[in-house]
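If you're matching positions, the sequence shown starts at 1 in the working numbering and goes up one per residue.
Note that these hints are calculated values from the structure, not bench results.
Heads up, a few of these hints could be off.
What the hints assert, rightly or not - Cβ-Cβ distance ranges computed for the label pairs, FRET-style:
1. G41 <-> N121: 33 to 41 Å
2. S146 <-> D50: 32 to 40 Å
3. H93 <-> S167: 23 to 31 Å
For glycine and all other residues, C-beta sits at the position ideal for the given N, C-alpha and C.
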Amino acid sequence: MELRAIAMIELNSIAKGVEAADEMLKSADVALVMAQPICAGKYMALVTGDVDSVERASEVGKEVAGEFLVDDFVIPNVHSSIFPALTATTRIHDIDSLAVIETFSVASSILAADAAVKAANVDIIEIRCATGLGGKSFLYLTGDVSSVNSAVEAGIEILRGTGLILSHVVIPSPSRDIGRSIL
1 MELRAIAMIE LNSIAKGVEA ADEMLKSADV ALVMAQPICA GKYMALVTGD VDSVERASEV
61 GKEVAGEFLV DDFVIPNVHS SIFPALTATT RIHDIDSLAV IETFSVASSI LAADAAVKAA
121 NVDIIEIRCA TGLGGKSFLY LTGDVSSVNS AVEAGIEILR GTGLILSHVV IPSPSRDIGR
181 SIL
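Based on the provided sequences and hints, a complete structural model is requested.
The following block contains the structure:
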């Protein structure tokens, strides 16, 4: 399992988001994973690198974002499955049990996904980043029923008290058609 540090800022201004992302990249030795407008009129920037550089970039991004900051995080040792899940390039061909965790921010979905996959033997199918979703985000997980339930508990626990959890479900045996629609 390859682990790297990541930081994300999510803003409710596209202009300030572009500026903050630019300053993040200029302030530290980090690589851009993604920076883009998302619904509803928000902007997200995600960077990766060593822990110190990522923390520095995050601080600069939050400072530039100011009052436009919606959500943010730094994950010092992100699970390697997060990157393919963000770009919908996972290599999962079958769904056993299915979990969906739906949140009000992209940052909270990524945090929940990272906690979930570290807590149980599950695969992240996808993390959808608020594009065409009215600013919401969600993730799909699969694995055996017990593992999926444990993963969802861990994902929800890390967000407890934030007010960013919209809904979550575990479907022990999803229909083949639902599975195909997700994969």
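**OP:** Starting from the hint 32 to 40 Å, judge whether the C-beta atoms of S146 and D50 obey it.
**Re:** holds, 36 Å
Original post:
Cβ-Cβ distance between G41 and N121: within 33 to 41 Å?
Top reply: Distance hint for G41, N121 holds at roughly 38 Å.
Subject >> Supplied distance hint 23 to 31 Å, evaluated on CB atoms of H93 and S167 >> reply: holds, 27 Å
Of the numbered hints listed earlier, not one is contradicted by the structure.
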